[in-house]
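Taken in order, these protein sequences are the chains called C and D. In this text, residue positions in the first sequence follow UniProt numbering: the first is 1, and each later residue adds one. In this text, residue positions in the second sequence follow UniProt numbering: the first is 1, and each later residue adds one.
Calculated directly from the structure, the hints in this document are not laboratory data. Fair warning: there could be bad hints in the mix.
Heads up, the list lumps identical chains together, so a pair's fine if it works in one copy or across two of them.
[What the hints assert, rightly or not] Okay, derived cross-link-like pairs now, SDA-like style, lysine to any residue, Cα gap no bigger than 25 angstroms in a straight line:
hint	residue 1	residue 2
1	K226	K362
2	K282	E296
3	K322	W342
4	K186	F294
5	K226	V210
6	K322	F294
7	K322	A295
8	K186	A125
9	K216	S366
10	K151	H298
11	K151	S287
12	K55	E296
13	K282	A295
14	K186	K226
15	K341	I331
16	K151	Q304
There are 2 protein chains.
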Amino acid sequence: MSSAAPAPAPEEQPPRPVRFGIMGCASIARKLARAMLLAAPAAALAAVGSRSEAKARLFAADNGLPAAARLHGSYEALLDDPAVDAVYLPLPTSLHVQWATAAAARGKHVLLEKPTALCASDLDAILAACEASGVQFMDSTMWMHHPRTAKMRELLPADVGDVRVINSLFSFRANEDFLQNDIRVKPDLDALGVLGDAGWYCIRAILWAVDYELPKNVIALPEPVKNQAGVLIACGATLYWADGKMATFHCSFLANLTMDLTVVGTDGTLHVTDFIIPYEEKSGPFSVASRSNFAELHTGWVPQPSKHVVTTDLPQEALMVKEFCRLVQGIRDAGAKPEGKWPAITRKTQVVMDAVKASIDKGFESVDVVS
Amino acid sequence: MSSAAPAPAPEEQPPRPVRFGIMGCASIARKLARAMLLAAPAAALAAVGSRSEAKARLFAADNGLPAAARLHGSYEALLDDPAVDAVYLPLPTSLHVQWATAAAARGKHVLLEKPTALCASDLDAILAACEASGVQFMDSTMWMHHPRTAKMRELLPADVGDVRVINSLFSFRANEDFLQNDIRVKPDLDALGVLGDAGWYCIRAILWAVDYELPKNVIALPEPVKNQAGVLIACGATLYWADGKMATFHCSFLANLTMDLTVVGTDGTLHVTDFIIPYEEKSGPFSVASRSNFAELHTGWVPQPSKHVVTTDLPQEALMVKEFCRLVQGIRDAGAKPEGKWPAITRKTQVVMDAVKASIDKGFESVDVVS
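Bound-form chain C, shown alone:
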């Protein structure tokens, strides 16, 4: 591209793609690489950085990266690449502060895998670095971007009413290899274990259901399961709000795949049983029972719950990438400010997770949630 060419008026052509660098070749990065390809032309997969160039090359070959994608043999080299606008960072959680702050300091927008940090103060360092550089921050919680999520959100006030009780379950049955070797069971890599992994989604879903009003306190459920290294493998908690709302969640690496979110309000009940990863990529089902009464003599329900299916052409992770690109393009090309909503809900999720962890560590005491 010649820099001498006259710049066209912004409205005459689509915005230039956001050029992503993937930082680390984790398994989840394969899904995001595909999402970036699907999110073209908003996104371009420009580079991959790994601890060795050979690993980066293997990743590029395995995941259909464009021939022009640059392969970096270190994370530093990726961050030094001037043709990278934004990084997707799926490194182990213990490395997030170091590399997310480094990325922000180099002016790269940050799409950060969850859990975003080991604790809120670490996250605050990341968010401060992003703010200082004026780059967009977003955590990679894909289901937030499914159109089903927006549809459910739209129905909640009228059809469910004042939320009273929420339950969320996220479990999957990890195999022996995972339980021995995955980063999510290693104290030096992902010290939050299942709480940071599966629990993150439950906490986010609960906060989502109450429009991100923080609970006043949390109490972890006794008898969490830990592995020999002391990392959480199964755990749960109850959350309490000032107005009497309450939520319960349970997350586990030891039970069958389950992704439940149930929201019970004064006027209705929302059920979704695949909220994190829909059963099928292009549609998301849920049901709402609203103003349910018993039939005469309690022989049935009137009305019965209504079933909904929300379809999507692009998978939720590609929609996430597109939304991230839209924000980055606004900043990069039009002088917009970073969207504060995304770091704000990340921080609330992290703060609640911290409180749950503290309650576990304190013998299941009640722990106040401090924003």
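Knowing the structure of chain C, use the given hints to seat chain D on it.
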């Protein structure tokens, strides 16, 4: 029928109906009256006893009782009626010990509305009276008798595996009249409030899911809601088993109608969202996700959950009456012993409910479950 006629051999004719007396004209008695009519010829609705004959007459007229049904103006008169084999007893819980023991002492079989008693020692008095008289005892937990329940029970071992986590929710949104006047909010009538009413079903469902293995301890959830008289209106608890299984339930008079039972095992997940009263009288849906895995790149589930619908010609409460009649006929006509399964599961339900109540009363301490 002339007593001088030669008695036909038992196999030549169907067993004589079990002649029911309904003891008290509670609203739920209307549903049971219909069930007894539907359960003919196994059941016959022979008599109604109320505190006044006028109330009994009104009940008989409103509920299509046979013209031959006898109307008694007191509970004593009903129990003195020699043409009554069995009583259905929907009186307020505080009256259960007195009248269920009196019924048993008169040789009447006892179908007792839930909660069966205010505490296990009261229940023990009832069960002892039934045992002493050799009469059948059964609590009136209708969903136990839906063929869906048997079908789910059959699938659990192979399709769900080793149960790890159970969640049950039962709420309905009571109107102002209920919250002011229903017996279930009155300390002198149903002192267990929502725990005895809705909570009973949650506890029974949880025990059912684990084949009635008692938990070792329970911890009530903090911040239950009580009315001005101190009766529970919304509450919950977590239950813990020696092998690491856990269950959570929440019950409420303040939230939309919800009847969830979710059982997550090592191999599968059972979802039923209308377990107490099916959406439709003649069919019961549920779903089972068994050995669920992620699709490649975690873009879906393989296999997806399977949906089941179990149909029934008779509503579950009529099937309950029929089963009760079968047992009574065996005792009355063939010298069988009372079936011990039903009082045994009643007692387990009551014992867990007592522990939850004790935990609430002790400030949400862990309370051991003592059988």
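Consistency of the hints with the structure:
Taking the shortest Cα distances, K226 and K362 sit within 25 angstroms of each other inside one copy (15 angstroms), while across copies they are farther apart (29 angstroms). When the C-alpha separation of K282 and E296 is checked against a cutoff of 25 angstroms, the pair qualifies only between copies, where the shortest distance is 15 angstroms, while the shortest distance within a copy is 40 angstroms. In this homomeric assembly, K322 and W342 come within 25 angstroms of each other (Cα to Cα) only inside a single copy, at 14 angstroms, whereas the closest approach across copies is 59 angstroms. Taking the closest pair of Cα atoms, K186 and F294 come within 25 angstroms of each other only across two copies (22 angstroms); inside a single copy the shortest separation is 50 angstroms, beyond that limit.
When the C-alpha separation of K226 and V210 is checked against a cutoff of 25 angstroms, the pair qualifies only between copies, where the shortest distance is 23 angstroms, while the shortest distance within a copy is 30 angstroms. In this assembly of identical chains, the alpha carbons of K322 and F294 lie at most 25 angstroms apart only when taken from different copies (24 angstroms versus 45 angstroms within one copy). When the C-alpha separation of K322 and A295 is checked against a cutoff of 25 angstroms, the pair qualifies only between copies, where the shortest distance is 23 angstroms, while the shortest distance within a copy is 47 angstroms. In this homomeric assembly, K186 and A125 come within 25 angstroms of each other (Cα to Cα) only inside a single copy, at 23 angstroms, whereas the closest approach across copies is 55 angstroms.
Taking the shortest Cα distances, K216 and S366 sit within 25 angstroms of each other both inside one copy (10 angstroms) and across copies (23 angstroms). Proximity of K151 to H298 under the C-alpha cut-off of 25 angstroms is restricted to the inter-copy arrangement: shortest distance 23 angstroms between copies versus 31 angstroms within a copy. Taking the shortest Cα distances, K151 and S287 sit within 25 angstroms of each other both inside one copy (11 angstroms) and across copies (24 angstroms). Within a single copy, K55 and E296 get their C-alpha atoms only as close as 66 angstroms, which misses the 25 angstroms cut-off; across copies the closest is 21 angstroms, which meets it.
With identical chains, the CA atoms of K282 and A295 are at most 25 angstroms apart between copies only, with a shortest distance of 13 angstroms across copies and 36 angstroms within one. Taking the closest pair of Cα atoms, K186 and K226 come within 25 angstroms of each other only inside a single copy of the chain (11 angstroms); across copies the shortest separation is 44 angstroms, beyond that limit. With identical chains, the CA atoms of K341 and I331 are at most 25 angstroms apart within one copy only, with a shortest distance of 15 angstroms there and 69 angstroms across copies. For a Cα distance limit of 25 angstroms, the shortest separation of K151 from Q304 qualifies both inside one copy, at 19 angstroms, and across copies, at 23 angstroms.
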